[in-house]
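Participant: Use these hints to put chains B and C onto chain A, whose structure you have.
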Amino acid sequence: MNRAFWLYLGVLVTVVASFMGLVQIPDHQLRGLEPVTDEQGVERPVRPEGGVLAGRQEYIGLGCLYCHSQQVRPEGFGSDIARGWGMRRTVARDHVWDAPPVLGTMRTGPDLANIAVRQPSAAWHLLHLYKPRLTSPGSLMPEYPFLFTEQRVELERPADALSFPTGDPRPGWVIVPTQRARDLVAYLGSLDHSYPVPEVRP
Amino acid sequence: MSGVSTVPNGSADGPRQELLARAAIDRSCRAPVLLFAGSAVLWLLVGSVWALLAAVKMHTPGLLTSWEPLTFGRVRPVHLNMTIFGWASMSGIAVLLWLQARLARARLPFPNLLIAGGVVWNLALAAGVWEISAGHGTSVEWIEIPLFWALVFAAVFAVVMAASLTMFARRNVAHVYVSQWYLFGAVLWFPFLYLMANALIHAGFTRGVTAAATNWWFAHNVLGLWLTPIGLATIYYLIPKVIGAPIHSYHLSLLGFWSLALFYNWAGTHHLIGGPLPAWLVTVGIVGSVMMFVPVVTVGINHHMTMVGHFHRLADSPTLRFVVFAGMSYTVVSVQGSLTSLRSINEINHFTHYTVAHAHLGVYAFFSMAMFGALYYVLPRLTGREWSSARLIKVHFWASAAGIALYWGPLTVGGWLQGLAMNNPDVPFLEVMTGTVSWLWGRTAAGALMTVGHLVFAWLVARMLLSREPAPAVAAGPEPAGEGA
Amino acid sequence: MTLVYGMIWIVVLGFAASAVGALVWAIQHGQMERFGSAARSIFDEEEPVGTPTDAFPRSPAERRP
Chain A
1 MNRAFWLYLG VLVTVVASFM GLVQIPDHQL RGLEPVTDEQ GVERPVRPEG
51 GVLAGRQEYI GLGCLYCHSQ QVRPEGFGSD IARGWGMRRT VARDHVWDAP
101 PVLGTMRTGP DLANIAVRQP SAAWHLLHLY KPRLTSPGSL MPEYPFLFTE
151 QRVELERPAD ALSFPTGDPR PGWVIVPTQR ARDLVAYLGS LDHSYPVPEV
201 RP
Chain B
203 MSGVSTVPNG SADGPRQELL ARAAIDRSCR APVLLFAGSA VLWLLVGSVW
253 ALLAAVKMHT PGLLTSWEPL TFGRVRPVHL NMTIFGWASM SGIAVLLWLQ
303 ARLARARLPF PNLLIAGGVV WNLALAAGVW EISAGHGTSV EWIEIPLFWA
353 LVFAAVFAVV MAASLTMFAR RNVAHVYVSQ WYLFGAVLWF PFLYLMANAL
403 IHAGFTRGVT AAATNWWFAH NVLGLWLTPI GLATIYYLIP KVIGAPIHSY
453 HLSLLGFWSL ALFYNWAGTH HLIGGPLPAW LVTVGIVGSV MMFVPVVTVG
503 INHHMTMVGH FHRLADSPTL RFVVFAGMSY TVVSVQGSLT SLRSINEINH
553 FTHYTVAHAH LGVYAFFSMA MFGALYYVLP RLTGREWSSA RLIKVHFWAS
603 AAGIALYWGP LTVGGWLQGL AMNNPDVPFL EVMTGTVSWL WGRTAAGALM
653 TVGHLVFAWL VARMLLSREP APAVAAGPEP AGEGA
Chain C
688 MTLVYGMIWI VVLGFAASAV GALVWAIQHG QMERFGSAAR SIFDEEEPVG
738 TPTDAFPRSP AERRP
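Residue numbers (our numbering), protein chains in the order written: chain A, 1 to 202; chain B, 203 to 687; chain C, 688 to 752.
Extracted from the complex, chain A is given alone in its bound form (with noise of 0.2 Å):
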């Protein structure tokens, strides 16, 4: 054995060790990770079903974490706070539901951890899915028409139907969300991170 070989040893022994730590810490500390119940009594994160979970779905299949984040950085690094996508830092125990999470790598668009506080209209929602452009001059969000449906008006006006700021597009005729657009408008409405949670201080 020569000294080259004790010190490959003794770093390949380091690696082992920074193993152990990268899998057992991280079980050992969010292992026991459960939602916290808050003061209504309601359990947060909330278990995504029916609507909401199909509308989870609905913005894995479409992609839309190539261009959303959905994770607010802590207070003084970046200004995820400052801009108001959050009243406190995401932490791991809003993820206890998700398989897989969607916290994304990119803001082209904002980040949407609580965008259910910030824009709680589903109206305001499937408008901007429709054209993002009408509610958001500039905004480079593609459009989303295959979500929607035209409908003709036959004696009412559909409950749900699109209205737009300058009328309908087509006299007679409406736009309709798809059940795809009202379970994505759904998920989109749940997505409200601002309980709050032992691991921050308030």
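Just so you know, these hints were derived from the structure itself, not from any lab.
Remember, it's a predicted structure, so these values are computed and weren't measured experimentally.
The reader is advised that the hints may include incorrect statements.
What the hints assert, rightly or not - Cβ-to-Cβ under 10 Å is the rule here; a few derived chain B residues that face chain C:
(1) Arg-304
(2) Ser-381
(3) Pro-448
(4) Ser-455
(5) Trp-460
(6) Arg-515
(7) Ser-519
A virtual CB, placed ideally from N, CA and C, is assigned to each residue, including glycine.
Facilitator: For chains B and C alone, kept in the frame of chain A given last:
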């Protein structure tokens, strides 16, 4: 003459035996390597189309929005998977099979199984990108293809691994050259990591931020334990072979390999700085990323000192141009990567186009240019033909080199400015968005230039593979006694 | 879940063991010595040190004898 040796006239048996053995080895690689290489070039072309689509959609979002399979959120992952698992991985496999055959001085085993593997890989990738376009993508970055097809890829990886181990077991050389060590890293470690990540994330064994950490630990290993080792192995073999001079410091090259093998796969969590992970886990990723300075500087010094005195050869060797460009880019992108993982810098560039520019610097300026160089060296030796036009090769080189420089420069600046604006809460977000548009147009122009290079390259490859002119009887000779029995 | 972490442990320790094994093998088989000959192992009598092995293709005119 692009490298096919002429048969010596009746001299001592030694050199002739060696020449014929090398020719026999090259010949044994022919069908599988040409299949993987040809497929890779086709995926490069299709991947470039999807790249241009994605690039244009980013600054002109109203383009082609009514057809759902072409929505940006699907075009972008389809582009990534076509270029990574199509162009990069298939050219990588072609080169690593040939290189290991050369290094072991052993013939490529079970070629028919490898050919089947290549066909299956193409089908699986086509199916995978079809699935993404149909809305069944997983939105787990770099693992968007659904689990079923990932298992098919893993099966082909296993065949490649088996071929590599077989050649090593049958090797006719005493020394294990540094490139072989790098390729072991690629063919032995990476398939297991690929399987693990797919199983852990897609089979639901992990969720939440654990799944996120697994995701980025894996995605960074595609670069660190798959593409980088293949690229470096290629450069370590081709620079000395082309210039006819050995590596400057072989000791350094081994140190560089072992330190890379140990440190690279720690770096993955640097993709999640500021995110909801335990802080220490992110710090470990940063430390691993900064430690990479050691192998990167080592490799950079080694390549440079090897080239000293031989830079004039860049004028007359296509392979050398591409491979030296790749080597220099490796140093640049890795130093940038180490710096980018520092929190103070990451605070600005995270979530911006800066990261996209960095990724392309690595996968294109380093890896793809190394693959171009390798294919310019390998294909004539497998087909026995010459490239049809020196001028077109130069067009390809300059289109790709200028293209990636134009891609990286403006997008890095634009991304940095985007990050600064985003960190200023007084700047409305829509203004942050519109501020990126001119830089994005620059990227589209650069991408168009790169695509021109790809079209030229594809033309050259097609001429070489499909040419009907008879291959000259050079280096093919009669079978040496005892072979092919 | 324990099964998963067990699997991860096995794979990770397997990697570390394989790396140690590879290093030990390399040292025992003299891979860390004779660097001069090691660097030259990719050359041979037909493509010796000092002989370039790549060039731009000649134009058809240049190729004609």
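Participant: Output the indices of the hints that this structure fails to meet, ascending.
Facilitator: Of the numbered hints, all hold.
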